[in-house]
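Q: One-letter residues, chain by chain:
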Amino acid sequence: MTDIIAQLKQGSEAAFRQLVTQWQGMVYNTALGILQNTADAEDVAQEVFMQVFESIGTFKGDAQISTWLYRITVTKCLDHLRKKSRKKRWAKVYSLFGQQNELIIDPPDFHHPGVALANKERADMLFKAIARLPDSQKAAFVLHKLEGLSSKEIAGILDASVSAVEGLLHRAKQNLKQQLEDYYSS
Amino acid sequence: MKQRRDIAKEVESTLNSLDGIQRAEPAEFFFTRLQARMQRSVPMDAWERFIMLITRPSVAITAMMLILAINAIMFTLRLKHSSERSEQQISLQQAFADEYHLGINTFYEFDKSEQ
Chain A
1 MTDIIAQLKQ
11 GSEAAFRQLV
21 TQWQGMVYNT
31 ALGILQNTAD
41 AEDVAQEVFM
51 QVFESIGTFK
61 GDAQISTWLY
71 RITVTKCLDH
81 LRKKSRKKRW
91 AKVYSLFGQQ
101 NELIIDPPDF
111 HHPGVALANK
121 ERADMLFKAI
131 ARLPDSQKAA
141 FVLHKLEGLS
151 SKEIAGILDA
161 SVSAVEGLLH
171 RAKQNLKQQL
181 EDYYSS
Chain B
1001 MKQRRDIAKE
1011 VESTLNSLDG
1021 IQRAEPAEFF
1031 FTRLQARMQR
1041 SVPMDAWERF
1051 IMLITRPSVA
1061 ITAMMLILAI
1071 NAIMFTLRLK
1081 HSSERSEQQI
1091 SLQQAFADEY
1101 HLGINTFYEF
1111 DKSEQ
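Top line first, the protein sequences correspond to chains A and B. For the first sequence, position 177 matches number 177 in my numbering, and the numbering has no gaps at all. Plus 1000 on top of the position in the second sequence (first one is 1) and you've got my numbering.
It is possible that part of the hints are untrue.
Claimed, not checked - Only pairs whose alpha carbons sit at most 25 Å apart, straight line, appear in this in silico DSS-like list of lysine-lysine:
1. Lys152(A) to Lys60(A)
2. Lys120(A) to Lys87(A)
3. Lys1009(B) to Lys173(A)
4. Lys120(A) to Lys1009(B)
5. Lys145(A) to Lys173(A)
6. Lys128(A) to Lys83(A)
7. Lys1009(B) to Lys145(A)
8. Lys177(A) to Lys1080(B)
9. Lys128(A) to Lys1009(B)
10. Lys173(A) to Lys152(A)
11. Lys128(A) to Lys173(A)
12. Lys60(A) to Lys128(A)
13. Lys128(A) to Lys145(A)
14. Lys152(A) to Lys177(A)
15. Lys145(A) to Lys120(A)
As the list claims (entries may be wrong) - Label-pair ranges, simulated between beta-carbon atoms:
16. Gly61(A) to Gly1020(B): 28 to 38 Å
17. Ala1069(B) to Gln51(A): 46 to 56 Å
18. Gln178(A) to Thr1032(B): 42 to 52 Å
19. Leu1066(B) to Ala116(A): 52 to 62 Å
20. Glu121(A) to Ala1069(B): 52 to 62 Å
21. Lys92(A) to Ala1069(B): 28 to 38 Å
22. Arg1085(B) to Thr75(A): 47 to 57 Å
23. Met1064(B) to Glu13(A): 40 to 50 Å
24. Ser161(A) to Phe1029(B): 33 to 43 Å
25. Arg1056(B) to Lys92(A): 15 to 25 Å
26. Glu1084(B) to Ser95(A): 51 to 61 Å
27. Phe59(A) to Met1038(B): 12 to 22 Å
28. Pro134(A) to Ile1007(B): 18 to 28 Å
29. Thr1032(B) to Gln51(A): 17 to 27 Å
Bear in mind the hints are in silico, worked out from the structure with no lab data behind them. In this text, all values refer to a predicted model and were calculated from it rather than measured experimentally. For glycine and all other residues, C-beta sits at the position ideal for the given N, C-alpha and C.
Turn these sequences into a full structure, and let the hints steer you where they fit.
A: Encoded structure:
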């Protein structure tokens, strides 16, 4: 892997292609888990690799490349969500002044392509609940559940302590439980 | 009681519904699309970077607060300085008026001084 980084720093396109091929699934899957929209996930995954290409010179190699990629992906996804909610908030104001804006509509249900058919309905319900979690809890839960990362690995990505990540995961599970209980009891 | 247990069971099953999930992969030819996008995007020049920097909310709000703070300080200083200056000016004007007998109070006094 250090070879690829060295070649990338020299501007090798073959090395960049190899890096993208190797990590595109990981980046896309994480983005899809957080954004729950295939078009947005593809968009953000492209942005992640564009940033990698532009800022490979600043990568010192003290962290693993996967940690670096996860960090960029999570940051970009959360930025994207914030931008989207800001746009949604202002869309009503703009419409009052008759300005034309692109329609911001989320698909009613998100289906993750990797979920087994037997769990499809429950997984859709869980994704709906995940979408309502606060940003940091959402990122930690997605990294843990979808990417199967340990608390230590998530701590490295989110630049937090292991106990802080465990706290985030615990609160995320509590929040999800509460939401699901409300749904099933209604 | 039974209903409560059922709900708890449902919640637990839903929370575990992502166990064993397969990783989603992007659509085919991802690298080709990425390359096309990279070729489309022109690198920003210095002016665009500067505009992007100053339009960031944190930078814009900080700059506005700084300008307001400088304004408030300048206004306070000017107010203090002007009150000191006006006292000094009044006393100087008074001294000048006394020196040249400019303290004319009535029209009759003005007449007298003309004669």
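Q: Taking the hints in turn, state whether each one holds.
A: Each hint, compared with the structure:
Of the pairs offered as hints, the one joining lysine 152(A) and lysine 60(A) holds, with about 21 Å between alpha carbons and a cut-off of 25 Å not exceeded. This hinted pair does not check out: lysine 120(A) and lysine 87(A) have alpha carbons roughly 31 Å apart, beyond 25 Å. Distance check on the hinted pair: lysine 1009(B) and lysine 173(A) sit about 15 Å apart at the alpha-carbon level, within 25 Å; holds. With a C-alpha separation of about 17 Å, the suggested pair lysine 120(A) and lysine 1009(B) falls inside the 25 Å cut-off, and the hint holds.
Taken as a hint, the lysine 145(A) and lysine 173(A) pair is honoured in the structure, with Cα atoms around 11 Å apart against an allowance of 25 Å. Note on lysine 128(A) and lysine 83(A): the hinted pairing holds, with a Cα-Cα distance of about 20 Å set against a maximum of 25 Å. Distance restraint check for lysine 1009(B) and lysine 145(A): the Cα-Cα separation of roughly 19 Å lies within the 25 Å cut-off, and the hinted pair is therefore satisfied. Taking the CA atoms of lysine 177(A) and lysine 1080(B), the gap is about 63 Å. The hint is violated against a cut of 25 Å.
This hinted pair checks out: lysine 128(A) and lysine 1009(B) have alpha carbons roughly 19 Å apart, not beyond 25 Å. Restraint check for lysine 173(A) and lysine 152(A): the C-alpha separation of about 18 Å stays at or below 25 Å, so the hint holds. Note on lysine 128(A) and lysine 173(A): the hinted pairing holds, with a Cα-Cα distance of about 14 Å set against a maximum of 25 Å. The suggested pairing of lysine 60(A) with lysine 128(A) is violated, with an alpha-carbon distance near 38 Å, which exceeds 25 Å.
For the hint pairing lysine 128(A) with lysine 145(A), the CA-to-CA distance comes to about 15 Å; that is within 25 Å, so the pair holds. For the proposed pair lysine 152(A) and lysine 177(A), the alpha carbon gap of about 24 Å is at most 25 Å, so the pair holds. Restraint check for lysine 145(A) and lysine 120(A): the C-alpha separation of about 15 Å stays at or below 25 Å, so the hint holds. The hinted window of 28 to 38 Å between glycine 61(A) and glycine 1020(B) holds, with their beta carbons roughly 34 Å apart.
Checking the proposed 46 to 56 Å range against alanine 1069(B) and glutamine 51(A) shows it is violated: the Cβ atoms sit about 36 Å from each other. For glutamine 178(A) and threonine 1032(B), the Cβ-Cβ distance of about 44 Å falls inside the hinted range of 42 to 52 Å, so the restraint holds. Checked against the hint of 52 to 62 Å, the pair leucine 1066(B) and alanine 116(A) passes, with Cβ atoms roughly 57 Å apart. Separation of glutamate 121(A) from alanine 1069(B) is about 57 Å and conforms to the stated range, judged on CB atoms against 52 to 62 Å.
Take lysine 92(A) and alanine 1069(B): their Cβ atoms lie about 34 Å apart, and the range 28 to 38 Å holds. Taking the beta carbon of each, arginine 1085(B) and threonine 75(A) are about 56 Å apart, inside 47 to 57 Å as hinted. The hint said 40 to 50 Å for the Cβ distance between methionine 1064(B) and glutamate 13(A), and at roughly 45 Å that hint holds. Serine 161(A) and phenylalanine 1029(B) have their C-beta atoms about 41 Å apart, which keeps the hinted 33 to 43 Å range intact.
At roughly 24 Å, the beta carbons of arginine 1056(B) and lysine 92(A) sit within the given window of 15 to 25 Å. Roughly 56 Å separates the CB atoms of glutamate 1084(B) and serine 95(A), a value that falls within the hinted 51 to 61 Å. A hinted range of 12 to 22 Å holds for the C-beta pair phenylalanine 59(A) and methionine 1038(B), which are about 18 Å apart. Taking 18 to 28 Å as the suggested C-beta distance range, the pair proline 134(A) and isoleucine 1007(B) conforms, at roughly 24 Å.
Between threonine 1032(B) and glutamine 51(A) the CB atoms are about 19 Å apart, so this pair conforms to the stated range of 17 to 27 Å.
In summary, the structure is inconsistent with hints 2, 8, 12 and 17 from the numbered list given earlier, while agreeing with the others.
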